[in-house]
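Protein chains: 2
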Amino acid sequence: MEDSKAPVSEHGGETSKAAVLGVAASSGSRRAATRGLAVLDLILRFVAVIASVGSAIAMGTTNQTLPFFTQFLRFKAQYSDLPTLTFFVVVNSIVAAYLVLSIPLSIVHVMASRAKYSRLVLVFFDAAMLALVTAAASAAAAVVYLAHKGNARANWFAICQQFDSFCERISGSLIGSFAAMALLLLLILLSAAALARS
Amino acid sequence: MEDSKAPVSEHGGETSKAAVLGVAASSGSRRAATRGLAVLDLILRFVAVIASVGSAIAMGTTNQTLPFFTQFLRFKAQYSDLPTLTFFVVVNSIVAAYLVLSIPLSIVHVMASRAKYSRLVLVFFDAAMLALVTAAASAAAAVVYLAHKGNARANWFAICQQFDSFCERISGSLIGSFAAMALLLLLILLSAAALARS
Numbered sequence: 005m006e007d008s009k010a011p012v013s014e015h016g017g018e019t020s021k022a023a024v025l026g027v028a029a030s031s032g033s034r035r036a037a038t039r040g041l042a043v044l045d046l047i048l049r050f051v052a053v054i055a056s057v058g059s060a061i062a063m064g065t066t067n068q069t070l071p072f073f074t075q076f077l078r079f080k081a082q083y084s085d086l087p088t089l090t091f092f093v094v095v096n097s098i099v100a101a102y103l104v105l106s107i108p109l110s111i112v113h114v115m116a117s118r119a120k121y122s123r124l125v126l127v128f129f130d131a132a133m134l135a136l137v138t139a140a141a142s143a144a145a146a147v148v149y150l151a152h153k154g155n156a157r158a159n160w161f162a163i164c165q166q167f168d169s170f171c172e173r174i175s176g177s178l179i180g181s182f183a184a185m186a187l188l189l190l191l192i193l194l195s196a197a198a199l200a201r202s
Numbered sequence: 005m006e007d008s009k010a011p012v013s014e015h016g017g018e019t020s021k022a023a024v025l026g027v028a029a030s031s032g033s034r035r036a037a038t039r040g041l042a043v044l045d046l047i048l049r050f051v052a053v054i055a056s057v058g059s060a061i062a063m064g065t066t067n068q069t070l071p072f073f074t075q076f077l078r079f080k081a082q083y084s085d086l087p088t089l090t091f092f093v094v095v096n097s098i099v100a101a102y103l104v105l106s107i108p109l110s111i112v113h114v115m116a117s118r119a120k121y122s123r124l125v126l127v128f129f130d131a132a133m134l135a136l137v138t139a140a141a142s143a144a145a146a147v148v149y150l151a152h153k154g155n156a157r158a159n160w161f162a163i164c165q166q167f168d169s170f171c172e173r174i175s176g177s178l179i180g181s182f183a184a185m186a187l188l189l190l191l192i193l194l195s196a197a198a199l200a201r202s
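Line by line, the protein sequences give chains H and F. Taking the working numbering, the leading residue of the first sequence gets 5, the next gets one more, and so forth. Taking the working numbering, the leading residue of the second sequence gets 5, the next gets one more, and so forth.
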């Protein structure tokens, strides 16, 4: 008999064999679905890298010099004038670096769809990076809001009235960071779904 | 025979029964460990509720009136003067409400330790709330930093030099929110670990 090495009792061979085949078929289609999730995970990671790198570059390269100056002062604005925007550039670079490093692990998950503990590690670090990029994006958004609107009660002046193109640039660079945030949220959901399926 | 209703073939009863008992024993100890994770999850949720409610109350009830005033102005500071701090109070209330609503589901997980899809829902909403509370806490932190240090390049004045007790209070109220953030990060890890074990 061919299936004598299988861990089913030899006497009930016919029914057991059918049951084993059924389990194999259903776990096969399950594995294919989990592999689909892993491929989607890989694609989203690439998009998130582009979003956060784009965000860091857009913020890091912005500066504006006003066309008038006094004897002592040149009116020049760049991201490093505001510590929060420096934090934004640093964090987006860190998150992009993490995402690049996580891509090999994501490729492993496409091959080995039953991996559990490496997925668990990814969920944790994805959540930590979600917190980090959200912190940077919203702190920068709070400062950009102040730059646009100012605050009458605190006597903070709306600097965007002078530095208009600088303000447009720093507002735009927030988009990539918020996109990376949404993608990381999706990545956590995908990893958790893969864990629930395995 | 007692186990005739069980889905094992009757002929190989002895070996199959032993195998089933072995599986049951190992899944029993596994289930106990998963239940331990679920109890920890429940406790952390209670702590996170206290942290975020405390944070919202500390920020919401703060105000300071300076002991001098002119004919037209009274110098008074409260959280609603800065939109970012209003956002902070609103988000902390929302997160606290979500955490309270999630407690019944967490209790269900202590009983039914094999629940998968409800854990998946919790992971997703926990991650969304993590993003929300991080956004509020770090936007408020950015504004509190400006209130303390000001910014010479943007001509933003450090209002904490006048409103000292107001500033101490709003700085302190950030702690609860950052604690809630760390707890939510742990809760995501716990749910993912429970999913990996089930």
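Fair warning: there could be bad hints in the mix.
Covered, in the sense of this in silico footprint (three residues per stretch, anywhere, with C-beta under 8 angstroms from a C-beta of chain F), are these stretches of chain H [claimed, not checked]:
#1 41-54
#2 57-68
#3 85-99
#4 108-120
#5 158-170
Worth flagging that the hints you see were computed from the coordinates, not collected in a lab. Treat the numbers as computed from the prediction; the structure is a model and nothing was measured. All C-beta atoms, glycine included, are put in the ideal place defined by N, C-alpha and C.
> According to a criterion of three or more residues whose C-beta lies within less than 8 angstroms of a C-beta of chain F, is the segment 158-170 of chain H covered?
Replying inline: holds (count 5)
> Under a C-beta cut-off of less than 8 angstroms, do 3 or more residues of the segment 108-120 of chain H approach chain F closely enough to confirm the stated coverage?
Replying inline: violated (count 1)
> Are there at least three residues in the segment 57-68 of chain H whose beta carbon sits under 8 angstroms from a beta carbon of chain F?
Replying inline: n = 0 at 8 angstroms, threshold three: violated.
> Checking C-beta pairs, does the segment 85-99 of chain H have three or more residues closer than 8 angstroms to chain F?
Replying inline: holds (count 4)
>> Is the listed coverage of the segment 41-54 of chain H by chain F valid when you require three or more residues with a beta carbon under 8 angstroms from a beta carbon of that chain?
In response: violated (count 0)
In this structure, the hints that do not hold are numbers 1, 2 and 4, in rising order.
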